[in-house]
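S.K.: Spelled out from the first residue to the last, the chains are:
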Amino acid sequence: MDHPGPRQYWTMFVGPYGLYLLVFLVLPFVNVALLSVYIHSPTKIAVAEFTSANYAKLFELYYANLFVRTLRLSVVVTLVCVVLGYPLAYVLARSTSRVMALGLFLLIMPLMVSTVIRVFGWVVILGSEGLVNQALRLAGAAGGARLLYTESAVILGLAQQSMPFMVLPIMAAIERIPPSLEEAAQNLGASWGQMFARTIVPLSMPGLVSGTLLVFSVSMSAFITPALMGGRRVRMVGQQIYEEVLTAYDWPGAASLTIVLVVLMLALVSLALWATGRRARLETARR
Amino acid sequence: MAGSKVKLDVRGLTRRFSPQVTVGPLSFQVMDGEFFSLLGPSGCGKTTTLRCIGGFEILSDGSIELDGQRLDNRPPHRRDVGLVFQNYALFPHLTVFDNIAFGLRLRKVDKVQIGRRVAQMLELVDLPDIAERYPAQLSGGQQQRVAIARSLVLEPSLLLFDEPLSNLDFKLRIQMRYELRDLQRRLGTTAVYVTHDQTEALALSDRIAVLSHGRIEQVGTPSEIYERPATAFVADFIGSSNILTARVCDPGRGAGTLVETQYGLALSIPRVADATGAEVTLLLRPERFRMVADGEGGAAVPNRFTARVRDVTYLGEDLHVRVLVLEKQPLLVSIKNSKGTRAITSGTTIDLAIDPEDVHVLRR
Amino acid sequence: MTGRSPRFLWPFVAVVYVLLLAPLAVVITVSFGSTSTFDFPPKGLSFKWYQAFFASEMFVRSFFRVSQVVGLSTALVATLIGTLSAIGLVRLSFRGRRAIETFFLSPLLVPHILLGAAVYLYLARLAWPTSSSTLLIGHIVIATPYVIRCVTAGLVGMDSRLEEAAMSLGATRLQAFFKVTLPLLRSSLVTGAVFAFIISFSDINLALFLAGANAPSLPVHIFSQIQFEADPSIAAASALQIAIVGGLILLVQRVFRLRLMV
Chain A
1 MDHPGPRQYW TMFVGPYGLY LLVFLVLPFV NVALLSVYIH SPTKIAVAEF TSANYAKLFE
61 LYYANLFVRT LRLSVVVTLV CVVLGYPLAY VLARSTSRVM ALGLFLLIMP LMVSTVIRVF
121 GWVVILGSEG LVNQALRLAG AAGGARLLYT ESAVILGLAQ QSMPFMVLPI MAAIERIPPS
181 LEEAAQNLGA SWGQMFARTI VPLSMPGLVS GTLLVFSVSM SAFITPALMG GRRVRMVGQQ
241 IYEEVLTAYD WPGAASLTIV LVVLMLALVS LALWATGRRA RLETARR
Chain B
1 MAGSKVKLDV RGLTRRFSPQ VTVGPLSFQV MDGEFFSLLG PSGCGKTTTL RCIGGFEILS
61 DGSIELDGQR LDNRPPHRRD VGLVFQNYAL FPHLTVFDNI AFGLRLRKVD KVQIGRRVAQ
121 MLELVDLPDI AERYPAQLSG GQQQRVAIAR SLVLEPSLLL FDEPLSNLDF KLRIQMRYEL
181 RDLQRRLGTT AVYVTHDQTE ALALSDRIAV LSHGRIEQVG TPSEIYERPA TAFVADFIGS
241 SNILTARVCD PGRGAGTLVE TQYGLALSIP RVADATGAEV TLLLRPERFR MVADGEGGAA
301 VPNRFTARVR DVTYLGEDLH VRVLVLEKQP LLVSIKNSKG TRAITSGTTI DLAIDPEDVH
361 VLRR
Chain C
1 MTGRSPRFLW PFVAVVYVLL LAPLAVVITV SFGSTSTFDF PPKGLSFKWY QAFFASEMFV
61 RSFFRVSQVV GLSTALVATL IGTLSAIGLV RLSFRGRRAI ETFFLSPLLV PHILLGAAVY
121 LYLARLAWPT SSSTLLIGHI VIATPYVIRC VTAGLVGMDS RLEEAAMSLG ATRLQAFFKV
181 TLPLLRSSLV TGAVFAFIIS FSDINLALFL AGANAPSLPV HIFSQIQFEA DPSIAAASAL
241 QIAIVGGLIL LVQRVFRLRL MV
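Chains as they are written, first to last, in the numbering used here: chain A, 1 to 287; chain B, 1 to 364; chain C, 1 to 262.
Be a bit skeptical, because a hint or two may be false.
Stated by the list, open to error - Distance condition first, Cα-Cα at most 25 Å in a straight line; then the derived SDA-like pairs of lysine to any residue: (1) C:43 <-> A:138; (2) B:108 <-> A:180; (3) B:108 <-> A:193; (4) B:111 <-> A:194; (5) B:339 <-> B:274; (6) B:111 <-> B:157; (7) B:108 <-> A:202; (8) A:44 <-> C:128; (9) A:44 <-> C:212; (10) B:111 <-> A:135; (11) A:44 <-> A:33; (12) C:43 <-> A:127; (13) B:108 <-> B:123; (14) C:43 <-> A:135; (15) B:111 <-> A:197; (16) C:43 <-> A:75; (17) A:44 <-> C:124; (18) A:44 <-> C:127; (19) B:111 <-> A:191; (20) B:111 <-> A:201; (21) B:108 <-> A:191; (22) C:179 <-> A:12.
If you are wondering where the hints come from, they were derived from the structure by calculation, not from laboratory data.
Let's have the full structure, built from the sequences with the hints guiding it.
M.R.: If you want it as structure tokens, here you go:
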């Protein structure tokens, strides 16, 4: 199956995209790293002299609050996705193929539709003239609640956006657990809840780790959802980056924010790989 | 060995999958301390029956009682029944110790007791040193013993086995067979064992239920099943067989009856009640034929006939010889390999005889 | 309903699906409304917002000229280089194969907004103005990994001895590839292409940075409309996108196992 080919073989196949990524993925981020240590000037945008001001600035109150808020919201969204997503992942993993196909379709479809559309839907539902308020008014409550532009709205929107990223890896992990393990646990006296906690959860841990990683990174870098559902009141890092690039033209500032997020993502990925690698080694010792 | 008390009482067990596919109604009783096997080809319903007892299939009809109490209305985690799965179902994320302790911990047994009982179990299944290993680090045979230990440590009233040896290679399977039997005898736990391997069932069981297409064909001890199969299916499934149709010629010839097969072979069989001309189905086991020496007996040897050898299969211990009697009646004969059998080759003729007592009449 | 799940889990499942699908359902319903307020349930049914959509030059241009064109182009290019990459990664052995595979799939983990900002700043440095072409450039980066995953799955699931059998019957490597491997990969290729299209079509974060100022993609135009001039023609535009994406996924689901994708 494997053909150890002469060098030109693999360069021909692997070269194109490799080169493409080098030029349009690696170099842009190298550029960003450079920009992050340039001086920001309102007239020339970036001056090619080194400074650490862009990173120092991030410790100021405004940015510190921004990061804390973004982290906090991301953690909450992740927890919501774990609590709601685990049961769904289990049900899908154990369902018949027709049900699973339908369930997967309904899960993946919202993911593939543009974020703007999903958020637009929420705006219609939660807006001051929206669904929920209309229902409240019908029920007699005066005026209407301000549902949009709150943290809860942003959490709701982000949870909806990220849910499939939590459910799919966990589902895949649970599918690899033979049903006979569940039956064995029950036969040994475990109720469904005990069986779930002692068998399914530990064995689907890699899926949980992947899911958490994905959801967390989606939330940390979210832009559209907090922009349209949180507005000025609920600001996350993504909105800050967008503004600094396209509105304020503080490119070095935007660059430093970007690098911080990239480093954070890399750290999370490494942590996740280490955690799952350790477990995998334990369980496949004999292979 | 087996007590006289009824441990498991299955009455009219029925599991309907669809109008065309139904297992049951099945009824059988397993006595206290008995090793009881459910034997049959794949699809016969033996695993379904086992899973009904274990609680993983719901009965469409019928009842199951354990020690006189209804079992089938309880969820699987509250039945006093241990189940050893075909693929062992060991928890890969737990050590051997934790696997065996799993059920004990759920029952809130204290740590000291758990330690003691797990150690005891590991001694019992002859694996004293592996408590800290993970299932992935064990061989198939070791995994199987841990699976058994895990169920046994809870001292269940009934132990169920779902083809536990089918994943092992041949020699290991034979060895594990003896160990399993010894273990069950030593502990006296009642066991219900599912297998498609008739040799295994014969070797292990006190009694066997032979199943086919969701119904019980026969329940009996291994020798009953083998020597006196009730139906053609059982006769054919267990061991090799020659199944012949014959007509009664002379019902009252001496102590027995004379019949003639469709191809004209005349045989004496033990006395039957059928009248002249009635049709009977006969079972002749290949190993019951014996070769008759040229000078022997004469007319005093009953059921003696000449046969032409079609081919010989050399199996080491035995020779399986396919013969033709009267140029039309095919038979399979099994002869012990010895000096005298070297001359048997395709085309030669040999004299065979079979004791009338060894001709068995099948009634269904 | 489901295979072996306990019944008390079904409320959870229902809640999650309502959460996931409510916004989409609402958007589709509102798009058929007859008033210009976002009434739900709508006060009357009409197609007028769809008519408004097709009458609006900006909507039509963003939909047909930008989103569709860039989407199809992305699908084409991504499928080509993605397939090449997948074949190289699966069939050839060379040092650092695992590392290169991880590198090729890394765009899946990079948040789109960060990538968008990075590429934008990079293009600015190169004095390269944004346009549909720059949008295409960005989309190829994020769409190709999906093709690579699809085709890899297809190759791994395919018996490689089939190619050898063809060669033993006289075919050259190239002929074996075109006559045996490629036809068997057809469903993977189609799936990969469809996903590449969908990724490009639905993208907003990259498009905000990389689409030309005068040539916004459909999602970008919807975004600006939400902020400035909200009327239900947005709902019509959104409903159209939902229909297209949903239809494509349904199609793909018949040929491919969806969950390998995400």
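S.K.: Which hint numbers doesn't this structure obey?
M.R.: Violated hints: 5, 10, 16; rest satisfied.
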